[in-house]
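Student: What follows is each chain in one-letter form.
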Amino acid sequence: MDAMIATFLIQDGVTNGAIYALLGLALVLLFSVTRVIFIPQGEFVAYGALTLALLDGGKVPATTSLLVCFGAVAFLFDLWSMRLGTDVRTFLRSLALNLVLPGVIYGITIVLAPLDLPSVAKALLTILIITPMGVYVYRIAYRPLADASVLVLLIASVGVHLAMMGLGLVFFGAEGLRAEPLADDNYTIGALMVSAQSLCIYGATIAIIIGLYMFFERTLLGKALRATAVNRLGARLVGVRTHLTGVTAFTLAAAIGAVSGVLIGPITTIYYDTGFLIGLKGFVAAIIGGLASFPITAIAAIGVGLVESFSSFFASSYKEVIVFGLIIPVLIWLSLSGGFHEEE
Amino acid sequence: MKNRFFAGMAPVAVLSFSLFASSALADVTIGVTISSTGPGAALGIPLKNSVELWPAEVGGEKLKVIVLDDAGDPSVATTNARRFVNDDKVDVIVGSALTPASIAVAGVAGETSTPHLSCSPVPPAISKGKWTFVMPQDAGLIARNLFAKMKADGVKTVGYIGFSDSYGDLWMGQFKAIGEQYGLKVVADERYARPDTSVSGQVLKLVAARPDAVFVGASGTGAALPQIGLRERGFAGKIYQTHGAVTFDFLRIAGKAADNTIFASGPAMAPEALPDTAETKPEGMAYVTAYEKKYGPGTRTQFGPHINDAMAILKKAIPVALKKAKPGTPEFRAALRDAIETGGPFPASQGVFNFKADDHLGLDDRAVVLFTAKNGKFEITK
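In the order they appear, the protein sequences are chains A and B. Residues in the first sequence are numbered consecutively from 1, following the numbering used here. Residues in the second sequence are numbered consecutively from 345, following the numbering used here.
Pulled out of the complex, with its shape left as it was, chain A reads as follows:
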């Protein structure tokens, strides 16, 4: 082990850690606003990466049809809850959100997919396709359970995870896909070779962290989300629409997942079931952050990436054991310090 290898390992660890940081942030965001431990977060990543890879091949990704299906199911849910009487406005809004929006995205994709767009445009199209899924997943699986306990929400998460993984297998097939890099250049800094793709990853992670900070500090919706996070009932009493905050949180999480997928798709092979393991590592970081702190989660994610990269060098057979073993001392420490107390 020399300094050269160490710098390579650090670089690799930070690149992966930045992705885990994005996922960890999404998990913390979702948990604090909706109390959902969102296991399927990784599926958004896999869907994003696979969608981008299919767009690279000039094909219409199956996620667009999936989006239409999700929208249709969400519309049926809305119809069912409207069965006792409704007004035209609610109906039209539901129609626009659940049927027109996915239809428009479907149309845009069909037109744009064969055109061989520049890679940034493909990345944006991918994010456009994946993001609304957050809305529908919330509408279908979590909104009916909004007042249930954390445990029930966790069980629902497991169900959503299994369903999304199965749909991934049906729509993308069992073999993996690799997307083309957003930018193909390489830069040498001293002995270190840095690819433009990893610079994209660092840049996007930092931008999203800053964006989330601005959103929570400066916008009314962000403040409403924070209010819901602090006290759900209290927020409702002062007029915050908690369903709206739920939808916003899920949309943000899906968007962050899609961005992570776009970033990670070109540097590795992504399978329909890869998302789970990536999401789980983000989850380790989120747990270290007590499912509450954004900065600790981000730093912990970089740590997870570094531990992973160094343990894959020194003891590749035990890499997963070491990474997931990290969580145990943290849980002991959290339970001893009493900083994390049960809501129920």
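No lab work stands behind these hints, which were simulated from the structure alone. Just so you know, these numbers come straight off a predicted model, no measurement behind them. By construction, the Cβ of each residue, glycine as well, lies at the ideal position given by its N, Cα and C atoms. Take these hints with a grain of salt, some might be off.
[Unchecked claim] Using 30 Å as the maximum straight-line C-alpha spacing, the simulated DSSO-like pairs for lysine-lysine come out as follows:
#	chain 1	residue 1	chain 2	residue 2
1	B	721	A	59
2	A	59	B	638
3	B	408	B	433
[Claimed, not checked] So the derived label-pair ranges between C-beta atoms look like this:
#	chain 1	residue 1	chain 2	residue 2	range
4	A	314	B	522	28 to 36 Å
5	A	196	B	604	25 to 33 Å
6	A	81	B	396	54 to 62 Å
7	A	193	B	522	36 to 44 Å
8	B	720	A	111	25 to 33 Å
9	A	188	B	604	25 to 33 Å
10	A	295	B	604	46 to 54 Å
11	B	474	A	314	43 to 51 Å
12	A	325	B	720	37 to 45 Å
Knowing the structure of chain A, use the given hints to seat chain B on it.
Tutor: Positioned in the frame of chain A, the structure of chain B alone reads:
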């Protein structure tokens, strides 16, 4: 009164049902358990697709084929196998696609005296059993051919990187068992998991160990990750891959990084390139043509042909067994087993099977070809 009526009717119902069932049993029934979902889906789906190419009848008897999914889970595979034997009264079980699930099926087959054609290599303890026959090439056969090629290429030191599961252990085990005979020394042993997003650490360690060649013990597109990593880090030596990695998806994912890599493979991946005298050519051509006609060009895999080969064996064995007993009876199952064990050689797409009482693998060097990847294609290595 009502109760007594039902009590009287029940035996009648059971009797008529069993009469009805036994009349349906005249067909030869085949139970197929395959992992078309779960971690083995990449292997299981081509197998499942290939079942659809099976003929409707063999030796004048109609085939009744029941396909169940086991998700690669040994306990589900056991349940499937028990269902086949108890409810469907199958004459032969085919599957599964993954080794742990196949071991589970072999257990049920042995216990219930049902012939079993495994589509995954099982450990010697199982393949030496009385009822299980193995379709794929075993690791020893492939390893002997690959190691001989390494020796011919002048390789002395090998860096190994493989899956952190039984598949990875299998190939490391071959180095330990027979590597020395070919003058090979393993200088690094690294592992990774298929869903890993990075193998940089392992690749750095491999490159630092300065081996003459790297051997990758992984399957499907998962085998492409170290391949790309090694080339990115400037490893210029030869890379060797197992038959698990020979898929067109691998070439698609690895792109230029795959060039000049040596692959061991079954002949069914490229029957067109074989000489006309090859015994595996007719079955291989027939299978590949039918498969790609149905599922599109370039969809053939290493795994699907095992299902074709199972049928190639059954096509010859079932008529022999039919002379001795009627399908659906224990006598027929025993006769079928004997016909498979002694009726060889069976020329099939992945090799020529010649089973013996102490050899349920049945394949020889005719079941292995070596490929070199060049410009996104597999070319046969002379």
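Student: Hint by hint, say whether it matches the structure.
Tutor: Hints and how they fare:
no. : hint                        : verdict
1   : 721(B) - 59(A)              : holds, 22 Å
2   : 59(A) - 638(B)              : holds, 21 Å
3   : 408(B) - 433(B)             : holds, 11 Å
4   : 314(A) - 522(B): 28 to 36 Å : holds, 29 Å
5   : 196(A) - 604(B): 25 to 33 Å : holds, 27 Å
6   : 81(A) - 396(B): 54 to 62 Å  : violated, 43 Å
7   : 193(A) - 522(B): 36 to 44 Å : holds, 39 Å
8   : 720(B) - 111(A): 25 to 33 Å : holds, 30 Å
9   : 188(A) - 604(B): 25 to 33 Å : holds, 26 Å
10  : 295(A) - 604(B): 46 to 54 Å : holds, 48 Å
11  : 474(B) - 314(A): 43 to 51 Å : holds, 46 Å
12  : 325(A) - 720(B): 37 to 45 Å : holds, 41 Å
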